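Trainee: Now for the letters of each chain:
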Amino acid sequence: MALPSQLGFQDAGSPLMEELLHFHDHALMVVFLISTMVLYIIVAMVTAKLTDKLVLDSQEIEIIWTVLPAIILILIALPSLRILYLMDEINDPHLTIKALGHQWYWSYEYTDYEDLGFDSYMIPTHDLTPGQFRLLEADHRMVIPTESPARVLISAEDVLHSWAVPALGIKADAVPGRLNQTTFIVNRPGVFYGQCSEICGANHSFMPIVVEAIPLEHFENWTSLMSEET
Amino acid sequence: MSLPKPVMRGLLAKRLKFHLPIAFALSLGAAIAFKYMVTEPRKKAYADFYKQYDAVKEFNAMREAGIFESVRPSGE
Chain Z
1 MALPSQLGFQ DAGSPLMEEL LHFHDHALMV VFLISTMVLY IIVAMVTAKL
51 TDKLVLDSQE IEIIWTVLPA IILILIALPS LRILYLMDEI NDPHLTIKAL
101 GHQWYWSYEY TDYEDLGFDS YMIPTHDLTP GQFRLLEADH RMVIPTESPA
151 RVLISAEDVL HSWAVPALGI KADAVPGRLN QTTFIVNRPG VFYGQCSEIC
201 GANHSFMPIV VEAIPLEHFE NWTSLMSEET
Chain Y
1 MSLPKPVMRG LLAKRLKFHL PIAFALSLGA AIAFKYMVTE PRKKAYADFY
51 KQYDAVKEFN AMREAGIFES VRPSGE
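Protein sequences, first through last, are from chains Z and Y.
For the first sequence, UniProt numbering puts the final residue at 230, and the numbers step up evenly by one.
For the second sequence, UniProt numbering puts the final residue at 76, and the numbers step up evenly by one.
Only chain Z is shown next, with the shape it has when bound in the complex (with noise of 0.2 Å):
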């Protein structure tokens, strides 16, 4: 989860997410070369004792200040396409859960198991237990086994809804009546929290995602224990 005035990401908890977060530290490298440059070149020309009127035009730096951008612009994109069609493989998942959003909660149907399924709802905060986070818990966590390739299916019941994990990297629309397909790998255990991120009404803010990741036999004794219960 966040914490108070963070600034960057959360840590990474896949893959995909790791891969971004480098990207990211990239493209931020690129954007300090630039703002530090016209910094200095503001500074400059704010300062200079003299104007010059008379320069019209100078082929010389015009064919720089397009090249160097250009260049500058395909050394941003390459890595940017390569995440992009790292995000779309499809690595033959192990399990797949649908998501659906609803005003104002989600529900998720393990259809890989008979009849397993189940809504989750936000933890009001008075009902909060101390050590859990405000308007982030919810009642029935989204369990999946780590390492393990999993797709999910994001829907929507009625309106426009957006399935996030941002530790996860993963975002996607919850559109009615259209399938939305994602797909993850969880690096490690833990448990990790996502809100929903498409406005949707009163309550928006308040249909929390928690995803808990635990080793693939604690999953399968998970799944044995939730099926027996429904």
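Heads up, a few of these hints could be off.
Claimed, not checked - Derived pair list, reagent style PhoX-like, types lysine-lysine, alpha-carbon separation capped at 20 Å:
{"id": "1", "chain 1": "Z", "residue 1": "Lys49", "chain 2": "Y", "residue 2": "Lys51"}
{"id": "2", "chain 1": "Z", "residue 1": "Lys49", "chain 2": "Y", "residue 2": "Lys14"}
{"id": "3", "chain 1": "Y", "residue 1": "Lys17", "chain 2": "Z", "residue 2": "Lys53"}
{"id": "4", "chain 1": "Z", "residue 1": "Lys98", "chain 2": "Z", "residue 2": "Lys49"}
{"id": "5", "chain 1": "Z", "residue 1": "Lys53", "chain 2": "Y", "residue 2": "Lys14"}
Treat the hints as calculated values from the structure; they're not laboratory data.
The model shown is predicted, which means the values in this text are computed figures rather than measured ones.
With chain Z fixed as given, assemble chain Y onto it according to the hints.
Mentor: The following block gives chain Y in isolation, referenced to the frame of chain Z:
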């Protein structure tokens, strides 16, 4: 007595020749500083974290702390 004729041409070029290399050097320096103070330490931090990472040990520690809802601590 007449004064020497002042330089009247090439003033912008002279100024640019002085300032542009400094501008390029500073911006490259900022980029290199960011790369070696932020980008590379972050890559190293992730590599070091996973080199020694024992998922089973961490899972058990989290389980005993009661973090998970699908797997309760072994005492319960």
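Trainee: Against each hint, give a clear statement of whether it holds in the structure.
Mentor: Going down the list of hints, with the structure as the test:
Between lysine 49 of chain Z and lysine 51 of chain Y the CA atoms are separated by roughly 58 Å; this puts the pair beyond 20 Å, and the hint is violated. A threshold of 20 Å between alpha carbons decides the hint, and for lysine 49 of chain Z with lysine 14 of chain Y the separation of about 13 Å falls inside it, so the pair holds. The straight-line distance between the Cα atoms of lysine 17 of chain Y and lysine 53 of chain Z is roughly 18 Å, inside the 20 Å bound, and the hint therefore holds. For the hint pairing lysine 98 of chain Z with lysine 49 of chain Z, the CA-to-CA distance comes to about 67 Å; that exceeds 20 Å, so the pair is violated.
With a CA separation close to 15 Å, the supplied pair lysine 53 of chain Z and lysine 14 of chain Y stays within the 20 Å bound.
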